Structure formats: C-alpha cells, structure tokens
Amino acid sequence: MTHESLVDDGWTETIELLGGEELIAGSARETKAFLRPRGVRSATDLLRLTLAYCLGKVGMRGVVAWAAASGIADISDVALLGRLRNAGPWLQQLIGYLLKREEKGLPKGRLIRILDATAVAKAGAHEKKNNGLWRMHCAFELEREQFDFIEITDQSEAELIDRVPVIPGEIRIGDRAYLQAERIAKVLAQGGDVLVRAAWKNVRWLDSSGKPFDLIGHLKNCREEVIETPVWLGLKNCDPLKMRLIALRKSEAAAQEARRKINKEAKAKGTQVRQETLIAAGFVILVTSLDQDEFDADTVLKLYRMRWRIELAFKRLKSLIGLRAPPAKDPRIAKPWILAHFLIALVTEPLSQEFGVSPP
Numbered sequence: 001m002t003h004e005s006l007v008d009d010g011w012t013e014t015i016e017l018l019g020g021e022e023l024i025a026g027s028a029r030e031t032k033a034f035l036r037p038r039g040v041r042s043a044t045d046l047l048r049l050t051l052a053y054c055l056g057k058v059g060m061r062g063v064v065a066w067a068a069a070s071g072i073a074d075i076s077d078v079a080l081l082g083r084l085r086n087a088g089p090w091l092q093q094l095i096g097y098l099l100k101r102e103e104k105g106l107p108k109g110r111l112i113r114i115l116d117a118t119a120v121a122k123a124g125a126h127e128k129k130n131n132g133l134w135r136m137h138c139a140f141e142l143e144r145e146q147f148d149f150i151e152i153t154d155q156s157e158a159e160l161i162d163r164v165p166v167i168p169g170e171i172r173i174g175d176r177a178y179l180q181a182e183r184i185a186k187v188l189a190q191g192g193d194v195l196v197r198a199a200w201k202n203v204r205w206l207d208s209s210g211k212p213f214d215l216i217g218h219l220k221n222c223r224e225e226v227i228e229t230p231v232w233l234g235l236k237n238c239d240p241l242k243m244r245l246i247a248l249r250k251s252e253a254a255a256q257e258a259r260r261k262i263n264k265e266a267k268a269k270g271t272q273v274r275q276e277t278l279i280a281a282g283f284v285i286l287v288t289s290l291d292q293d294e295f296d297a298d299t300v301l302k303l304y305r306m307r308w309r310i311e312l313a314f315k316r317l318k319s320l321i322g323l324r325a326p327p328a329k330d331p332r333i334a335k336p337w338i339l340a341h342f343l344i345a346l347v348t349e350p351l352s353q354e355f356g357v358s359p360p
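Heads up: the sequence shown at position 210 corresponds to 210 in the UniProt record's numbering, and the numbers run straight through without jumps.
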C-alpha cells in the first residue's frame, strides 16, 4: 500500500487506521479545524483533502480539481488554503491519538528511546539564503521501532535532551548534540537514564574532588581498547553530576579517517585544529548514568550502536513517505505539510512490518 493509495482507493481503510470517523470528527471540532461544511461535507473529507495536498505533487489547484471530479468536495483553492491554515493542531492531536493507542497493551519493561532531529528547508529565496529550516525533534522507541514524540520548530530552537517528556525508568540515547549537563540533570531528576556521545570540550569535566578532570590526558595514558572511569559533570548551581565515562578506541584506519575529515573541514573554514580534537577523534566517547552492575561497558556500547535506527527511520520518512521541503512560506501551511507525512508514517509503519516490507 502506497501513501497515495491511502487517500484514494484505500481511504476507507485509512479512516479506520486513524481511529474512525467519530474520533476524527471529534478531534476536528475540538481543535476548531472543522466547524461548518461550506463546500466540504465532513471532517474526514477535509482530512482527505489535506493529506492529498500534503502528500501529493499536483498542488492546491490539482487537489481541488481532483476533489470536484471525484465528488469529494466543491471548494476553491483559496477556501482550501484557509482550511489548511487551521489544520496544524488537528493533525498534531491525531498523531497524539495514534501514539497513545500504540502504547496500550505493551509490556512495561525498560523503555529505550533514541532522540534526534531532522530538517527540511523553508520555502522562499530569503529563507534559502539564510539557511531557514523546519526542524523536527523526535523520539524513537527502539523496541517498537516507531516515533513516539514529534515537535516541529524552526532553526532557532536547538536539540534538547529534556524536550521530550520523561517516562520514569526510560533510557534515552542521543548523539553529541545532547551532551547538555544542566538538562541531563533534569532528565535524571524525573527518573530517566541517559546515554549520550561526548565531545571532549562541551562540558566541565570534574573528578571526585570537584577538580578539573583531564579527559584528553586520561585517554592518552590508557592503553585498553575499552576505557571506563567515573566522571562528574559540572553544574551551575548544583552539586556535580556523577556519570560513567566509557571510551572505545577506534581502529587506526578509522581514527585516521576521522582526523582527515576534521582537518579537511577546518581547512575549508580557515580554522586551526586543536591537538586535543585530533586525539579525541581516535575514540568513541560515551557518557551514561546507567548502573554498572546492570549495564557493563560492552552492553553500553552495544546499546549506543542502536542509535542508527532513528537515522534509518528518517530515511524511510523522506524516501518512502516522500517528506520534502514544504512549498509554502506560511508556517500555518508548512507545519501541517510536515505533520501529514508523520501521520501517514505512523499509519504505514505497522503495515510495513506486518507484511514484511523492508525499506530500500
């Protein structure tokens, strides 16, 4: 089943997958996305038009013509544009319903969530010149291999490890962007554990006595393939945060390739590479709050290797579902455009798993 067929001959099935007409209509009333017919008979018809526009390639006028020819709706492109401007909160709520529905009946084990963000360009020459982006902040549940949190912002809002509400007992995994000591402390305070990749200079490394910890010196002096040591992250107004530092020594070939890329990027920017950066490039450095008795160093490393799953999910979203830059400058149109793709992704992912459809 393609995402195009979901709004065409497979529409009846799509309604059921989304929770049924009653839920769709109730959500549309609650978010004020659909209050009066005016050319569109029902909330489900409006949703069909919204998805057809966002997922298709024929543009607003093409969707309006298709709707009229199919007897779905009699509405102008200007009127449909006005409807779409109010669709963002509605689509966000429908996504929320889908996520909550998937949670029911799941065994209550240790939840593992991978945090990451992907982006698409904003429309318009000015935005292109200034690298304008729509950024999608996501959490991806490892066991179900599905997104369980989505928030859309522009490029001004950074990736934050505490952006996603914490579920007590969860383990959240993130790349270097999520090494944020103050925000990690908030996640731990709410009952979560973290596992993040670390750069050597983005936090205040401390030892047990509160003195600066020489991370680079420690890495240079150790000869083991896997290095582990307790370490503390300095906080502004609180006691340092005790963590475990685990570093895996890269192969010589991998280390040299990492250093080559660093030098190439620095040359392109006209900057000088620090020696510490080149030393750190020879290691995969992780920081975690996970208990050593339950998660030894090898287990932690294996767990972090699972982070590629969310990158694969993003590739599926962009290749199979067809997520691309929204054509509209108006955020009230651009956000529904993006949300529609996530909505269909949540609907089609279980079908792909059920029928054994593998991503390319």
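Since the hints were derived computationally from the structure, they do not count as laboratory data. What you are looking at is a predicted structure, and each value in this text was computed from that prediction instead of being measured. Here a beta-carbon is modelled for each residue, glycine too, at the ideal position from N, C-alpha and C. Keep in mind that a hint or two might mislead.
Heads up, simulated EDC-like pairs for lysine to aspartate or glutamate below, C-alpha to C-alpha not over 16 Å straight-line [to be verified]: (1) Lys302 <-> Asp207; (2) Lys220 <-> Glu252; (3) Lys201 <-> Asp175; (4) Lys250 <-> Glu225; (5) Lys186 <-> Asp239; (6) Lys242 <-> Glu182; (7) Lys186 <-> Glu170; (8) Lys186 <-> Asp207; (9) Lys201 <-> Glu276; (10) Lys100 <-> Glu159; (11) Lys250 <-> Glu224; (12) Lys302 <-> Glu252; (13) Lys302 <-> Glu228; (14) Lys211 <-> Asp175; (15) Lys220 <-> Asp239; (16) Lys302 <-> Asp154; (17) Lys242 <-> Asp291; (18) Lys128 <-> Asp291; (19) Lys250 <-> Asp214; (20) Lys242 <-> Asp207; (21) Lys315 <-> Asp77; (22) Lys329 <-> Asp214; (23) Lys57 <-> Asp77; (24) Lys128 <-> Asp154; (25) Lys220 <-> Glu276; (26) Lys329 <-> Glu143.
Here are the simulated distance ranges between beta carbons [said to hold, decoys possible]: (27) Gly62 <-> Arg176: 20 to 28 Å; (28) Ser42 <-> Ile262: 52 to 60 Å; (29) Gln292 <-> Gly10: 18 to 26 Å; (30) Val273 <-> Lys129: 36 to 44 Å; (31) Glu30 <-> Gly10: 23 to 31 Å; (32) Gly270 <-> Met306: 35 to 43 Å; (33) Pro89 <-> Ile167: 21 to 29 Å; (34) Glu145 <-> Lys264: 53 to 61 Å; (35) Glu145 <-> Gly191: 22 to 30 Å; (36) Arg61 <-> Glu252: 53 to 61 Å; (37) Ile262 <-> Lys186: 40 to 48 Å; (38) Ile262 <-> Asp293: 16 to 24 Å.
Tell me the hint numbers this structure goes against, listed in increasing order.
1, 8, 10, 12, 14, 15, 16, 18, 19, 21, 22, 26, 27, 29, 30, 34, 37, 38
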